[in-house]
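From first to last, the protein sequence lines are chains A and B.
Using numbering that gives the first Met the number 0, you'd call the opening residue of the first sequence number 0 and step up by one each time.
Using numbering that gives the first Met the number 0, you'd call the opening residue of the second sequence number 0 and step up by one each time.
Don't read these hints as lab results, they were simulated from the structure.
Misleading hints may appear alongside valid ones.
[What the hints assert, rightly or not] With a Cα cut of at most 30 Å, we get these calculated DSS-like pairs of lysine-lysine:
| hint | chain 1 | residue 1 | chain 2 | residue 2 |
| --- | --- | --- | --- | --- |
| 1 | A | K367 | A | K470 |
| 2 | B | K122 | A | K425 |
| 3 | A | K470 | B | K135 |
| 4 | A | K470 | B | K122 |
| 5 | A | K352 | A | K425 |
| 6 | A | K454 | B | K107 |
| 7 | B | K122 | B | K107 |
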Amino acid sequence: MSSSTETIQKIADQAYSAGFVTDIESEQLPPGLNEDTVRFISAKKKEPEWLLKWRLDAYGKWLEMTEPTWAHVRYPAIDYQDIIYFSAPKSNADGPKSLDEVDPELLATYEKLGIPLHERAALAGVAVDAVFDSVSVATTFKERLSDAGVIFCSFSEAVTDHPELVKKYLGSVVPVTDNYFAALNSAVFSDGSFVYIPKGVRCPMELSTYFRINAAKTGQFERTLIIAEEGSHVSYLEGCTAPMRDENQLHAAIVELVAFDNAEIKYSTVQNWYPGDAEGKGGIYNFVTKRGKCAGHHSKISWTQVETGSAITWKYPSCILLGDHSVGEFYSVALSNNMQQADTGTKMIHIGKNTRSTIISKGIAAGKGIQTYRGLVKVMKSAEGARNYTQCDSLLLGDECRADTVPYVEIRNNTAQLEHEASTSKISDDQLFYLTQRGIDPEDAVHLIINGFCKAVFKELPMEFAVEAQKLLEVSLEGAVG
Amino acid sequence: MLHVKNLHTSVEGKPILQGIDLKVSAGEVHAIMGPNGSGKSTLAHVLAGREGYDVTEGTVTYKGEDLLSLAPEERAREGVFLAFQYPVEVPGVSNKLFLKTAVNAIRKHRGEEPLDAYEFLTKLRSILADLDMEEKLVSRELNTGFSGGEKKRNEILQMALLEPSLAVMDETDSGLDIDALRAVADGVNKMRAHDRAFVVVTHYQRLLEYVVPDVVHVLMEGRIVRSGGHELAIELEERGYDWLREESN
């Protein structure tokens with residue numbers, strides 16, 4: 000084995016640091032899914048009749064659908080009757096009124112994850128909505144944000160306090176029947192985050208949601224809905240972790256973004272769900288539908304994701320470029336180490352005139368990891384002057400992993416301009432020797448090279464999280480570098 | 000400083016170096032000359048610890064220690080520097096970050112505090128000024144898209160920053176125009192010091208017009224066939240290598 004492969008293997012095998020379990024009393028449904036489950040969740044949230052109907056309709060549709068099999072991922076059949084669809088910390092029964100009422104055990108959990116929820120200690124300039132299993136347990140800086148006219152709250156609160164907005168936009172970007180997991184989520188979603196940025200407002204701080212799965216056997220089904228009115232701007236970040244458990248857990252979320260004229264939404268994800276152990280036991284199935292609609296002219300939606308966790312990742316954050324001159328961007332670093340499988344990419348649907356999209360995907364495979372980039376660029380007949388630039392690079396660490404690139408292109412307007420670049424590389428012995436000849440430790444040398452590989456994506460992350468992402472990548476690769 | 004005794008090396012089972020003896024003292028500049036395929040670059044790589052070169056016989060002692068037992072990074076930290084014939088491109092890695100990481104890795108080994116961003120930049124700027132180099136070069140990605148001349152200058156910059164005891168220069172002059180060659184030679188000359196030695200591997204004499212060596216060795220078919228002063232290099236320039244080959248046979 001060459002020295003680079005050895006170093007790489009070593010780096011890839013580091014322990015998952017967010018794998019602890021919080022010992023907290025929960026109120027849970029027994030495992031199983033039927034109409035009563037849906038009714039229970041809706042009643043629990045004291046939802047209006049229309050929403051219950053919407054959920055039941057989704058449930059009915061879901062029953063008629065089948066699980067997709069086209070992704071390049073392999074896993075045993077999921078028993079949907081063996082999943083707990085609702086689990087909430089008991090202390091949170093009626094939802095905390097303020098941060099002071101949040102169970103200290105929960106605060107300690109987030110503290111341990113590096114997400115202090117006390118506003119005094121909180122990350123400067125970042126407001127956080129903390130979602131624990133099925134419910135939102137805390138949202139920071141709400142008042143400061145509402146002074147600016149920004150609504151940032153849990154999805155449940157939004158249903159109660161802003162029903163007209165929820166009713167108008169829920170399912171407007173990801174329809175109930177969009178796909179199997181979207182239909183499931185629409186039936187049983189339990190909470191999530193809601194953001195509304197009024198006309199002309201530049202959100203004064205970064206918004207972020209931190210998702211934590213704690214209870215065993217529990218699935219997490221949250222929804223995020225972000226609406227950016229004309230001329231507004233928001234940057235949003237989500238983070239995710241889960242305890243180390245031997246069984247697989249399902250996370251099937253939906254994120255919907257709507258940007259009106261001249262509005263901009265920047266959505267960043269640092270996904271670190273438990274990836275399972277080195278033999279592939281346990282880990283999260285991350286089956287997520289994320290889509291943004293550039294509804295207005297000159298609007299812009301930008302997805303940046305760093306995907307290091309999950310046993311299986313199935314997600315394609317996409318942009319519907321409806322408004323003329325709208326812009327969609329997708330920047331992704333996805334890592335599959337050990338037995339992890341990731342099938343991820345994006346869809347850019349050009350409908351408006353002079354719409355532009357950029358796709359930069361960096362896939363890293365180590366151990367026996369499988370990494371697939373799957374992306375669609377679709378230019379509709381109406382999309383005069385559409386442009387796309389796609390760059391897909393894969394980096395293989397070791398000899399047992401694989402990376403595939405599956406780009407789909409559909410063009411119905413011949414004024415479209417598309418560029419596509421793809422590469423697959425390994426860390427070369429030449430590079431490693433060059434760096435170590437300057438006194439740099441082989442592990443540090445590999446980190447340098449990998450960070451260099453990911454640079455085009457990392458520079459799109461908000462500053463404080465770029466450093467985080469870099470560290471996360473190093474930790475996730477522990478043992479892969481030898 | 001460096002003592003190579005009866006060094007035999009093979010690459011993929013094929014013998015390349017077949018009994019090299021070389022003694023380099025602090026303060027000296029030794030030139031290793033020879034035709035293509037004579038083993039010059041192999042010698043440079045073996046000294047730096049490149050993988051894939053099997054030492055089948057002989058020893059290399061550096062500052063009294065067994066050099067061959069050290070990993071490449073350990074040799075570097077002990078002061079062995081290889082200026083590469085083909086400096087490697089590392090996309091996305093800023094040259095500045097790379098230089099800082101290297102400087103601090105070596106400082107750590109010496110038990111010194113790491114330089115912070117400000118201290119490093121101060122040091123870097125003073126060296127850039129010394130070498131008459133532009134700061135632009137360090138803001139770019141390591142060697143990526145550099146011209147041949149820029150790559151070689153970057154090697155000299157690294158050498159100046161890392162202050163090695165033994166600098167091995169592997170065909171640093173190859174592919175350089177006259178201006179770049181002078182710049183590289185100036186950099187080397189500025190670094191000549193009583194406690195530092197250079198092993199300059201080169202195919203042509205022209206670098207040695209600027210970097211005047213104390214000793215010139217001629218390598219052929221894995222052996223040093225002749226050693227002499229600077230005049231030997233000049234003679235080679237006039238007569239080529241063939242007469243030596245005939246003589247040594």
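Numbers of unmet hints, in rising order: 2 and 5
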